[in-house]
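Student: The whole structure should be built from the sequences, with the hints applied where relevant.
Next come the chains, spelled out residue by residue.
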Amino acid sequence: GAVVSQHPSRVICKSGTSVKIECRSLDFQATTMFWYRQFPKQSLMLMATSNEGSKATYEQGVEKDKFLINHASLTLSTLTVTSAHPEDSSFYICSARESGGVFYEQYFGPGTRLTVT
Amino acid sequence: ELKVEQNPLFLSMQEGKNYTIYCNYSTTSDRLYWYRQDPGKSLESLFVLLSNGAVKQEGRLMASLDTKARLSTLHITAAVHDLSATYFCAVDISFGNEKLTFGTGTRLTIIP
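So the protein lines, in turn, are chains R and Z.
The first sequence begins at 1 in this note's numbering and counts up one residue at a time.
The second sequence begins at 1 in this note's numbering and counts up one residue at a time.
None of these hints come from the bench; they were simulated from the model.
Check before you lean on any hint, since a few could be wrong.
[Unchecked claim] Within a straight-line C-alpha distance of at most 35 Å, the following computed DSBU-like cross-link-like pairs (lysine-lysine) qualify:
#	chain 1	residue 1	chain 2	residue 2
1	R	K66	Z	K99
2	R	K41	R	K14
3	Z	K3	R	K64
4	Z	K56	Z	K17
5	R	K41	R	K55
6	R	K66	R	K55
7	R	K20	Z	K41
8	Z	K41	R	K55
9	R	K14	Z	K41
10	R	K66	Z	K68
11	Z	K17	Z	K3
12	Z	K3	R	K20
13	Z	K56	R	K41
14	Z	K99	Z	K41
15	Z	K99	R	K64
16	R	K20	Z	K99
17	Z	K68	R	K41
18	R	K41	R	K64
19	R	K66	R	K41
20	Z	K99	R	K14
21	R	K14	R	K64
22	R	K41	R	K20
23	R	K64	Z	K41
24	Z	K56	Z	K41
25	R	K55	Z	K3
26	Z	K3	Z	K99
27	Z	K68	Z	K41
28	Z	K3	Z	K41
29	Z	K99	Z	K68
30	Z	K41	R	K41
31	R	K41	Z	K99
32	R	K66	Z	K41
Tutor: Written out as C-alpha cells, the structure is:
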C-alpha cells in the first residue's frame, strides 16, 4: 500500500527558531500534498495544499510567510515553521494524493509533534 | 462555508453494546470519509463512501451515506475494547482538488 513518511516525528525547538518538517511519499508519486494541523483534543484543520512545481495554496487565516511550503519534487513536500512561538506547538500531519491514482484516495503521514519552548 | 458536525463528541459504552456515531455536513457532497485516530497517532482510513446510499462494512464497523440528508453514520456492533479511539468523518466538496473538511471528532471509550 501507499506509504507516506514524515520527519522528524517529534521536535522541540526554542521560540524564535525555524523548524522544517518533511513529508515524503515512499512508493508513489504525489502531485498534490496537504498539510494539516491538529491541536490537542481537536480536529484536523487544513493549512495548505501543496502542488509540485507551483506555489502552495493556503487556507484562510494561515500565514503563508510563517508556514513556508515547498513541493520541490513528486515525492517530497516540506513545511517550514518560521520564527516559531509556543502557540505554534501542535501536531502537524501531511497527506498525499497519488498522481494518476484513484482520485479520492489520500494517504496520511504519521505526523510530527512540534513543541516550541 | 462547509461545516461538518459529529454527534456525540464523547461516547462511553460497554463492551458488547451497539451504538451509532452521526456525521452531518452543510453542503452537497458525494464523498465522505471515515478515519480512526489513536492517541498520539495519525489517521487510519476506515471507509470511503462515494455515492448516495453507499454502505460499507468492515468487522464491527459499518458506515452509510445519505447525501440527500447530508448525513453519514458509523455504526458499531458489539463493541470491543480495541475500538476505543477517536473517529473522524471528513467531507470533500471540491471535486478535483480533494480538500477535506474534518468533523469535530467522536472520542469513543469502550468499557470492559
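Student: All hints, please: hold or fail.
Tutor: Tested hints:
no.	hint	result
1	K66(R) - K99(Z)	holds (21 Å)
2	K41(R) - K14(R)	holds (24 Å)
3	K3(Z) - K64(R)	holds (24 Å)
4	K56(Z) - K17(Z)	holds (20 Å)
5	K41(R) - K55(R)	holds (31 Å)
6	K66(R) - K55(R)	holds (15 Å)
7	K20(R) - K41(Z)	holds (20 Å)
8	K41(Z) - K55(R)	holds (29 Å)
9	K14(R) - K41(Z)	holds (24 Å)
10	K66(R) - K68(Z)	violated (40 Å)
11	K17(Z) - K3(Z)	holds (30 Å)
12	K3(Z) - K20(R)	holds (31 Å)
13	K56(Z) - K41(R)	holds (27 Å)
14	K99(Z) - K41(Z)	holds (21 Å)
15	K99(Z) - K64(R)	holds (18 Å)
16	K20(R) - K99(Z)	holds (23 Å)
17	K68(Z) - K41(R)	holds (31 Å)
18	K41(R) - K64(R)	holds (25 Å)
19	K66(R) - K41(R)	holds (24 Å)
20	K99(Z) - K14(R)	holds (32 Å)
21	K14(R) - K64(R)	holds (21 Å)
22	K41(R) - K20(R)	holds (24 Å)
23	K64(R) - K41(Z)	holds (26 Å)
24	K56(Z) - K41(Z)	holds (24 Å)
25	K55(R) - K3(Z)	holds (27 Å)
26	K3(Z) - K99(Z)	holds (13 Å)
27	K68(Z) - K41(Z)	holds (33 Å)
28	K3(Z) - K41(Z)	holds (24 Å)
29	K99(Z) - K68(Z)	holds (21 Å)
30	K41(Z) - K41(R)	holds (12 Å)
31	K41(R) - K99(Z)	holds (22 Å)
32	K66(R) - K41(Z)	holds (25 Å)
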